[in-house]
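**Q** What follows is the residue order along each chain.
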Amino acid sequence: MKKAFIKGTILQFLVLLGLWLILSGKYDYFHVSIGFISALLVTLVHLRLNHHLYYRHGIAQVKPLRLTRLILYVPWLLWQIVLASLHVAYVILHPRVPIKPSLIRFRTKLPNVTAKVILGNSITLTPGTLTVKIDDDVFIVHSLTEASFTSIVDGSMPRQVAKLYQRRPSTVIDDIKILRTTKGL
Amino acid sequence: MSILQILAIFLIFAGAFFISVGSIGLIRLPDFYSRCHATGKADTLGLLLVISGFIFYEGIISLHSAKLLIILIFVGLTSPTATHALARAAFSFGIKPRFVDRETKSKKEKKGRTK
Chain A
1 MKKAFIKGTI
11 LQFLVLLGLW
21 LILSGKYDYF
31 HVSIGFISAL
41 LVTLVHLRLN
51 HHLYYRHGIA
61 QVKPLRLTRL
71 ILYVPWLLWQ
81 IVLASLHVAY
91 VILHPRVPIK
101 PSLIRFRTKL
111 PNVTAKVILG
121 NSITLTPGTL
131 TVKIDDDVFI
141 VHSLTEASFT
151 SIVDGSMPRQ
161 VAKLYQRRPS
171 TVIDDIKILR
181 TTKGL
Chain B
1 MSILQILAIF
11 LIFAGAFFIS
21 VGSIGLIRLP
31 DFYSRCHATG
41 KADTLGLLLV
51 ISGFIFYEGI
61 ISLHSAKLLI
71 ILIFVGLTSP
81 TATHALARAA
91 FSFGIKPRFV
101 DRETKSKKEK
111 KGRTK
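Note that the protein sequences, when read in sequence, are chains A and B. Sequential numbering from 1 applies to the first sequence in this note's numbering. Sequential numbering from 1 applies to the second sequence in this note's numbering.
Hints were generated in silico from the structure; no laboratory data involved. Computed from a predicted structure; not experimentally measured. The beta-carbon is built from N, C-alpha and C at its ideal position, and this holds for glycine as well. Be careful, since some hints might not be right.
As the list claims (entries may be wrong) - A short, non-exhaustive set of chain A residues, derived as facing chain B with CB atoms under 7 Å:
1) V32
2) S33
3) I34
4) P98
5) L130
Claimed, not checked - Reference listing, derived: stretches of chain B covered by chain A, where coverage requires no fewer than 3 residues with Cβ under 8 Å from a Cβ of chain A:
6) 30-37
7) 50-59
Let the hints inform the model, and build the full structure from the sequences given.
**A** Below, the structure written as structure tokens:
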């Protein structure tokens with residue numbers, strides 16, 4: 001636990017320093033040393049927050065992302081964004097605007113908050129679906145057409161996110177309900 | 001004109017197309033949530049394409065491109081989050097989605113649209 005904390009803090013410092021170096025664009029002693037000091041200060045201010053993150057929430061909260069999988073995941077997501085935009089463009093420019101909205105409610109078993117953030121953002125970026133609400137483990141998703149929620153219902157989309165953390169994830173979502181009314185929400 | 005510049009112009013035009021589609025969708029779609037689809041997806045891709053067009057225009061390896069790349073990453077992260085925040089706020093406020101059905105053709109539906 002302590003090792004992960006130190007590693008995370010050093011990583012944060014390096015990211016901040018890199019951001020400074022790219023944004024400032026001046027590489028004399030004065031500017032670089034100011035950047036060094038500011039990155040150090042921000043890291044110090046954040047130290048208590050980091051401490052809280054790594055020690056209070058327990059081990060399950062800071063499971064590391066599998067980096068090799070992330071390299072595969074990002075191009076997949078970019079491709080999904082392209083597909084989603086083409087789908088939305090088709091729907092909008094079609095003379096009849098063929099939509100049939102519905103709400104889907106399901107429960108996830110993802111390990112931590114970061115995974116839920118990734119899943120929520122990915123749902124918003126995949127074709128025809130939009131995350132409306134996340135209540136602990138319960139997601140409410142708005143889908144634009146009948147065909148667009150199949151990838152969530154058969155679980156292939158959430159499995160992509162779960163693979164970032166585990167090699168062979170078990171069932172990621174269950175308790176799926178497709179709603180055409182807002183009763184009981 | 002170099003190949004990179006032609007690619008940049010192509011990307012910027014494609015981005016402009018998707019941003020305009022997003023704006024048209026804002027008018028054509030019936031309720032709040034489906035409008036969120038238009039702005040959340042088409043505009044994200046539009047912005048990503050325009051900014052990557054700028055990167056190609058500036059030359060791939062330069063300081064400006066690095067800055068633009070940071071903007072690219074932040075847009076990719078914040079745009080779906082902002083869309084979700086809007087939808088969530090609307091849902092908490094009690095705005096209900098309209099469950100229209102325009103996938104199956106019917107005369108009644110057509111009448112409703114011409115009004």
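**Q** List in ascending order the numbers of the hints, as given earlier, that are violated by the structure.
**A** Numbers 1, 2, 3 and 7 - these are the hints that the structure violates, sorted from lowest upward.
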